[in-house]
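*Asks:* Dock chain B against the given chain A, drawing on the hints supplied.
Chains A and B are the protein sequences, given in the same order.
Counting in my numbering, the first sequence runs from 1 upward without gaps.
Counting in my numbering, the second sequence runs from 1 upward without gaps.
Don't take each hint at face value.
[Unchecked claim] Some residues of chain A that are not near chain B, with every Cβ distance over 10 Å (derived):
id, residue
1, Glu27
2, Ala58
3, Ala139
[What the hints assert, rightly or not] Just so you have them, the derived chain B footprint on chain A, three or more residues with Cβ under 8 Å:
id, region
4, 34-43
5, 102-112
Simulated from the structure, these hints should not be mistaken for lab results.
Quick caveat, the model's predicted, so the values are computed rather than measured.
Yeah, the Cβ is synthetic: ideal placement off N, Cα and C, and Gly gets one too.
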Amino acid sequence: MTGFQDTGERRRTSDAPPLITDLLDEETVQSIAQEAWSALVGDDEFLVPLPGGLPDDALSSWVEIVGPWNGTVVLTTGRGTAEELARCLLAEHAPPVLDEEDVTDGMGELANVVGGNIKAVLPGPSVLGLPEVGTAPTASSPTDTCRTDLLWRGQALTITVQGAAGALTEPNNQQKNEVPL
Amino acid sequence: MKILVADDSRVMRQIVIRTLRQAGYDDHDIVEAEDGADALAKVTSEQPDLVLSDWNMPNMTGIECLQAMRASGSAVPFGFVTSEGSPEMREKAANAGALFLIAKPFTEDTFKEHLDGVIA
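One chain only, chain A, in its complex shape (with noise of 0.2 Å):
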């Protein structure tokens, strides 16, 4: 007899969190990026989907999501494009000197804007956090992240949207979860 043979083994995808990569892909975050920056950068600011190297010296912005999937929604770019967008920004209230907090407050808001609109496309209820800059935190699985590599204005920007399901998706992480309360 040929055919089907059920070998019993079953793929329980419904005990499992979503991965990013089943909700979200590069075209729909460089979608909902770029209606962010021509409404919020200028009219005539775009986005191109080509790789370039990020500097030493890149900021990253996030903000994060609770819900059904769990992460943060990244944005990256080097210091002098960071100061460049704040620029565009505040437009005709940039002062001469940008302050430190201008810039931090610019990415943030980019990545407030890029996030909430990313949480709309994925299942909810969800809750998004507030805005943080820094040193980007670490993805914590390479199967729930989804990077979308960006050029403006010739500068690399990358929007990464990365899973903090790593401790269901890594065994070793997931002892680690398991403290005694």
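*Replies:* Below, chain B alone, put in the same frame as chain A:
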């Protein structure tokens, strides 16, 4: 007319104010608040005719500010300008007494669409 713009991001407050002007609302007084608690205090001290507020802010969120305003008897028109616009949030905003919820990113046309009936 006096408009209170509440957002914990100074950059975003500037963008909201710029968009108000681009939408044609350039002859109004603007007051800024840096979080919900500041906005609530300025509703009393500044007596604005309209509040445009972010939702997600430290100290006091926009929805908490609106609920506190209505609980204290303030009927000042209130609209959200926020990075999230889920159906659940829109329903919660409407139930609390918000006139509208504008999701970021927005354009001057979005502002006109929501504000033309509110700003004389």
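*Asks:* Work down the list of hints and note, for each, if the structure agrees.
*Replies:* Hints versus structure:
Every C-beta of chain B lies more than 10 Å from that of Glu27/A, the closest at about 18 Å, which supports listing it as non-interface. For Ala58/A, the requirement that its beta carbon stay farther than 10 Å from each beta carbon of chain B is met, with the minimum near 20 Å. With a minimum CB-CB distance of about 22 Å to chain B, Ala139/A clears the 10 Å threshold, and the non-interface call stands. Counting residues of the region 34-43 of chain A whose beta carbon lies closer than 8 Å to any beta carbon of chain B gives 5, which meets the minimum of three for the stated coverage.
Restraint check on the region 102-112 of chain A versus chain B: 6 residues with Cβ-Cβ distances below 8 Å, three needed, restraint holds.
When each numbered hint is compared with the structure, no violation occurs for any of them.
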